[in-house]
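S.K.: Residue numbers for the sequence shown follow the working numbering, so the first one is 1 and each next one is one higher.
Simulated from the structure, these hints should not be mistaken for lab results. Just to be clear, a hint being listed does not mean it is correct.
To be verified - Across the chosen pairs, the derived CB separations fall in these ranges:
1) 115 to 224: 42 to 52 Å
2) 24 to 105: 17 to 27 Å
3) 10 to 136: 23 to 33 Å
4) 28 to 226: 16 to 26 Å
5) 72 to 226: 39 to 49 Å
6) 191 to 42: 29 to 39 Å
7) 26 to 98: 39 to 49 Å
8) 98 to 233: 28 to 38 Å
9) 13 to 114: 39 to 49 Å
10) 57 to 226: 29 to 39 Å
11) 76 to 226: 36 to 46 Å
Computed from a prediction, not measured in an experiment: that's the story for all the values here. Cβ atoms here follow ideal geometry from the backbone N, Cα and C, with glycine treated the same way.
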Amino acid sequence: MTNPPAVELARVNKWYGDFHVLRDVDLTVARGERIVICGPSGSGKSTLIRCINRLEEHQGGRITVAGTDLTSDARSVDAVRRRVGMVFQGFNLFPHLSILDNCTLALTQVKRLARPEAEEVAMTYLRRVRIPDQARKFPGQLSGGQQQRVAIARALALAPDIMLFDEPTSALDLEMVKEVLDIMVELAGEGMTMLCVTHEMGFARQVADRVIFMDAGQIVEAAPPTEFFENPRHDRTRSFLGQVLH
């Protein structure tokens, strides 16, 4: 038997009150595939990836992650979240904890590692994102780019199979964007399954296996980067690219 897809969405729907934010979304992501999701504000892209680890609840259709059907059952949610790491736009670090403590918290509370082992794992990933010297500092003492690298290290420390990125560079100054994207490019090169919501089209060209364009809660277009950027099929995609590439 072949391995199940990393992520599979089948006719997924979601509403916020009367607002139909996701409309019959179908998407299959293979293991090791790197997906970049783009689209205008309000198109449903962040909601889509937040549904994949149940930060948002879908109300119709089916989501399967690493072979587990994602339902309201707490065991299914827990099983999925153990396989999925997420990096947010706003870092979501605890300001009163040191960088090392931010990275060890889930290791000790969720994975039940002893403190020395958790610190060893955390330092491995802080070295990975090239900021081990910041381990004893607090988030407020770091730049935005450094805080986002901490958030990536914290997610990676739990050894996820799939990484979700929700506009990870949009809160950063331009000079800090590159340092975060460089780390993400390295992850992509190592075969990590990734779904990334971003407007960084250079990153999409460099690392994506497929670029997905969303509008009004639907996937309008999905194609390899060369085809997506050089020969988009839909007028709405062409209009969007005309805005973000110029």
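S.K.: Which of the stated hints cannot be reconciled with the structure, identified by number in ascending sequence?
M.R.: Hints 2, 3, 8 not satisfied by this model.
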